[in-house]
Amino acid sequence: MNNKLFKPNRSAEESLAPGYTFSTVTEDISRIVESKPPQKWWLLFGVAFSFLLVLLGSVGWLFFEGTGIWGLNNPVGWGWAIVNFVFWVGIGHAGTLISAVLFLFRQQWRTAINRFAEAMTIFAVISALLFPTIHVGRVWLLYWFFPVPNQMAMWPNFRSPLMWDFFAVGTYFTVSLLFWYVGLIPDLATIRDRAKTSFRKITYGILALGWRGGNRQWKHYEQAYLMLAGLATPLVLSVHSVVATDFATSIIPGWHTTIFPPYFVAGAIFSGFGMVMTLTLIARNIYHLENIITIGHLEKMSKVILVTGSMVGYSYIMEFFIAWYSGNQFEVFAFINRAFGPYAWAYWIMFFSNVITPQIFWVKKFRTSIPVLFVASIFVNIGMWFERFVITVISLSRDFLPSSWDYFTPTIWDILVFLGSFGLFFTLFLLFLRFLPMVAMAEIKGILPEANPHHEKYHETH
Amino acid sequence: MNMDKNMSELKGKSYWRSLNHLENNAEYRKFAESEFQEGASEVVDPVTRRKFLSIMGASMALAGLVSCRRPVEKIIPYVTKPEEITLGIAKHYASAMNLGVEVFPLLVENHEGRPTKIAGNKQHPTSNESALNPWAYASILNLYDPDRAVEVSYVDEKTTVEQFAGVWTKNYDAYVANQGEGLAVLSESFASPSLSKIKDEFAQTFPKARWVAYDPVSDENIYKGVEIAFGQKLRPIYHFDKANVILSFEADFLGTDSNMTQNAKGFAEARRVKTEKDSMNRLYLVESSLSQTSVMADHRLRMSSNEIGQFVKTFASEFGVINESIQYDGRRDWVKAVVKDLKKNKGHSLIVAGRQQPAEVHVLVAAMNLVLGNQKTVTYHAFDKAVVSDSDGFYALVSDMNQGKIETLFMLGGNLVYAAPTDLQFASALNKVKHPIYLGTHYNETASRSEWHVPTLHYLEAWGDAISHDGVLTVTQPMISPLFMGMNFLEMANLITTGEYLKSYELVRKTWDSILPMDIFESAWQKSLHNGYFSGTNKPARVSVKGNLNTFAKNIKPLKLGVDNLELSYKLSPQIHDGRYANNGWLQELPDPVTKITWGNAAIISSTMAKKLDVENQDMVKIEYDGIYMKVPVWIMPGQADYTISLTLGYGRSVSGRIGTDIGFNATLLRTTKSPYITAGGVKISKSYGQTAIACVQDYHGLDTEKLAADAIQTRLPALVREATLDEYRNEPNFTRDITEEYPEVSMWKEFLYDTGNQWGMSIDLNMCTSCNACTIACQSENNIPVIGKEQVLKGRDMSWIRIDRYFAGDIENPEVVMQPVACQHCELAPCEQVCPVAATTHTEDGLNTMTYNRCIGTRYCSNNCPYKVRRFNFHNYTKDTPDIVQMAMNPDVSIRFRGVMEKCTFCTQRIAGARNKARLEDRGIMDGDIITACQEACPTEAIVFGDINDPKSRVSELKKQNRDYDLLSELNLRPRTTYLSKLRNPNPELEQHA
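The listed protein sequences derive, respectively, from chains W and E. Under the working numbering, read the first sequence as residues 25 to 486, first letter to last. Under the working numbering, read the second sequence as residues 1037 to 2031, first letter to last.
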């Protein structure tokens, strides 16, 4: 029988090395959570935690002394903090995309990487939220952002894109967290069931919310998961579109452009996949998961990077075209200044990393070469950080009145806070690797041949 | 004289100590080598930044002293309110400030016995305006300078005024007996009836003693020239309002020259244009270094300073003042056209020359003005009760000091150890004086080398008087009892002369006793105190040329300059004067009007020179003259004559307070008695090592180095600063609005109409702005704007609410300069308001874009979205360590902003509120002119006008109706409430645009 219905199961071969059974999947993945972490983990955790301490120190000094410790100046009111914010929010995109959108499209190859893409999303959004919080001048009054009734009878200004941001990123974080957690429940139950100490039993037991794996539970679970996927999908588009409005609704040349929302979304997916690629390659190496996260996965991801990278490249070029086509001298200057002004170095780093680098993925050899993938993913990360730098800083540094133009130079505190945010991100991520199943076991099992109700027939045809 | 034995022992100790000091003259060298030394390194060291941040911060010890000095009974709060004082309502009193022979009549705002703000006295017949120059505005801060000397010091001992007076009284009789042999007084120039009277008494009491007045920078050359030409000691006063054509030989009459405010006012009157039918004056300017006056020039000729003398001779020959063959040097057309223009406007023209030009030039200028019949545009007044600077007298005194002929030297003000020309070696001469006694505000270079240092009282702490050139008597009333121990000039001069320590009040009363009419003395005195002046006259002198001018003209010989034979000129700092205001944070942070440099100075050179030297901005160079050298950073300026270097004086003070010490480089090091203003030839320059950061508030954007930026500026400029010639304006009266396309406005929502009640707006006439900076300083004083220091300015965080944008247009070698004051434009569709997430910046119904500091959380989004970039952010807690005494200078009507808060121009909302309250109490509407913003009040040319745009008859409405009115960045449709009137120039059609 050559029924197309059975086709999905072929993906199991691409998504997983052959020879896995339910029990080996459980064993391989749960073992990581249950045994002592490898030395490499400790090493990485030590580094990450040190950077987290750097972050805490820098933010402490920042709160004590004020935003003046950064390199901000009069035309450039937003510097690295906002660059980092957009950078991290962007990275947070791939998780939801992989889990929700690919789930809806029944792309089963996602199962090997979705858990950790989702975790990455959560931690990236946490890192992102750090920045708008600390970048304000009077951080202790940040709650004025919240639309809560107060004795001043003051509402926040709903016309401000920063307000929209607050809602968009907040919603995204909440939904992503729920989605991630719901997905974790069956696996948490597995860990609970395998637990040997009562402490583990109770902890994972509470976290598993009483999962028994019954038919009704599975039925409800899958409905809930599907609905959350449906809810999360528009958020993939909305959150970065709203972040884009921070820039697009202002009047600064280089910011005030309608292409921003789709362009930001494409860029976010691009950067998100870049980061997922980097993390996957690291985790795969530490925990020897080559059989679960296969070359097939990596190749697919590199294809996404190629597509979104090309979209980003298109946007860069289209921006120039529109600037020229608008006939607006400020707009024209803003873009020429990006490419040939004092920050040209940043622009060309961005352009090379984001537009040129992904083009190598037209070649299959590069798509399947681990070192090439790793280096390229790092380039994508760097390039996307520079994209936000180019947009935020260069546009501000030279706006309408030449008398106010000024050059932005970061200080040591800009750099330390940025590096520190990686500390926060990786600390959380490494803790996740240590304590939670990094691959969705239940889902992997779903694509194993055994899970197919037509299992026997399937074998007969062969 | 034999002073107290005990004291002379002490003195001996001090002597050697001083000599050590002196031998360590290398300290000057050290200066030249690095900008930042011990104290100043704090300025750049981020660790002690907070100390620096509180640049006006006082030590606790000092704060303690303040309270010690303030007698307790005087700070009792008003439990029982004095009848004439309402708490919270400021009182205004007339007073006056003297600066050399200049008089600034003042109206001082006084809050509960604490002067906080000064402005010009509009009622005073000489000045007739509320405007002042930045020095006068900022002088209020000098009163509250925490680094003022607080005690009398004898060598290293702290003592009191009474003790000092006692010591002098003991020696007084001996000096009287020997007729003042070995006694000398060295003062600054002054125009004060009381001080003049005392000086006369001094001469009678001590016939053999000497009283010399000397200012490091003065109008002496002008006076000398006039004296040679007319045979009388006279002071020329220019009446620019009556001049249609002005030819200036390097006179910076709108800038640092004497009577700047009056000059600007008159000049503006003759230049103001309301419709295309009006006419305006024309200014020809010849100068070596781009000056503030060049902003107004219709034709500017770039020429080295020493060459200008020869050029003046060319004109003098043309006018027949001298008979020398005319040398045009390729400028024949220029000369012919200008001469023709001047002759056409006989009686309504004016030729002026800068104070740095030699006396010979001024001889010719005076004679030419006479030939042109310019009796109305320049008047000459005899010096009445004024004593002017006398360099020769000073040099002679120093030579006597060196010969040990001077035993006791009183130095009343000045700071000559720092400011005297280098070849005088004043410090070493001072060491040969047995008893140097210094009366000065600060412990400075001179105080540190004096036996006695008596602090001077601020002019608002003691009585004084002044007389202006036209004979009007002005009284200086104290506004506060002395904060610290000290004497004022009158008290000290009187003590020297009579051996009696009398208070300044008695001294001034005594003088005025003889001036005011006897019968009504008391009422006339009261009236003078109320108005601030007592009328008097000093009629212009009749003048005619005496003697043969050809002989003087022969002394003018220009030099051929070259790479190894440069010209070096010294200019008064537009910020800190000759260094006397070095410790004033407002002035240090004020940008130079043309270079836009703050916190320091630099050697200004042309771009051609820079290429030859292979230097860029901020590169250190070594300037050498006569075996002395100094190292200083360069700053390339368009419009600078080749082979010339300009340096501003007043910087590089080695002993000043926490603000002024070691800021910039001391140009006095190269200044000699032979050439105090222009060292023509013999100066060498070479590239040195390293760079020094220069805090310039407006990036240079290397007009020639970064083509992209330069091109963008040139593309934008025509729309930003709209400009035309008078002829173009006449042909196209609507040129201003035609520069940008008008788009039909379709609104997507129902807009707030802003059509009821008062609607505030402002008009700024770019044709009037001379970029004098008075508005910036007045605003700083009115609105408690913090001083943030060089490090912060370098980071691009300057706080001025009203800044003056400067742009160059045209030829880099001889550009046109345009200036544009920019403050918050109060847009009706303000982009800042829309983006604030917490609604901290909102609009009022009367059209103000307001900032609610308390609500601001500091996202800085508003600033990003402001196309005018007028918002200012408190990146640090800039006022954290502001000492008590500086807090006294703050305006209680304006709140101090905390860190993390955005601030900006409020249209002086406190003044609007004040006027509204007053009008309400009087049961009337607010009238036009009830509200004068601080910047408007300060503007000598009335370029800034504020008022109700909903009242069609208000001044601001009338201005906005003019066809030159435009919105800055009109294409953004923000409907700014501040609009500009375009700039006009009036070039001579016979001359091509610039030679």
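Honestly, the hints are just simulated from the structure, not real lab data. Every residue, glycine too, gets a C-beta built ideally from N, C-alpha and C. There's no promise every hint is true.
Claimed, not checked - Computed spacing ranges between beta-carbons, pair by pair:
#	chain 1	residue 1	chain 2	residue 2	range
1	E	Q1159	W	F88	14 to 24 Å
2	W	I341	E	D1365	55 to 65 Å
3	E	T1751	W	W179	36 to 46 Å
4	E	Q1159	W	I439	55 to 65 Å
5	W	G81	E	Q1461	31 to 41 Å
6	E	D1747	W	F459	42 to 52 Å
7	W	N309	E	K1647	34 to 44 Å
8	W	V396	E	E1777	52 to 62 Å
9	W	N174	E	P1988	36 to 46 Å
10	E	K1647	W	K327	48 to 58 Å
11	E	T1776	W	I346	47 to 57 Å
12	E	G1961	W	I439	51 to 61 Å
13	E	Y1725	W	W85	31 to 41 Å
14	E	E1881	W	W164	46 to 56 Å
Said to hold, decoys possible - Incomplete in silico selection of chain E near chain W, CB under 7 Å:
#	residue
15	Y1889
16	N1890
17	I1893
18	T1895
19	N1901
*Tell me, which hint numbers fail for this structure?*
Those not satisfied are hints 1, 5, 6, 7, 11, 14, 15, 16.
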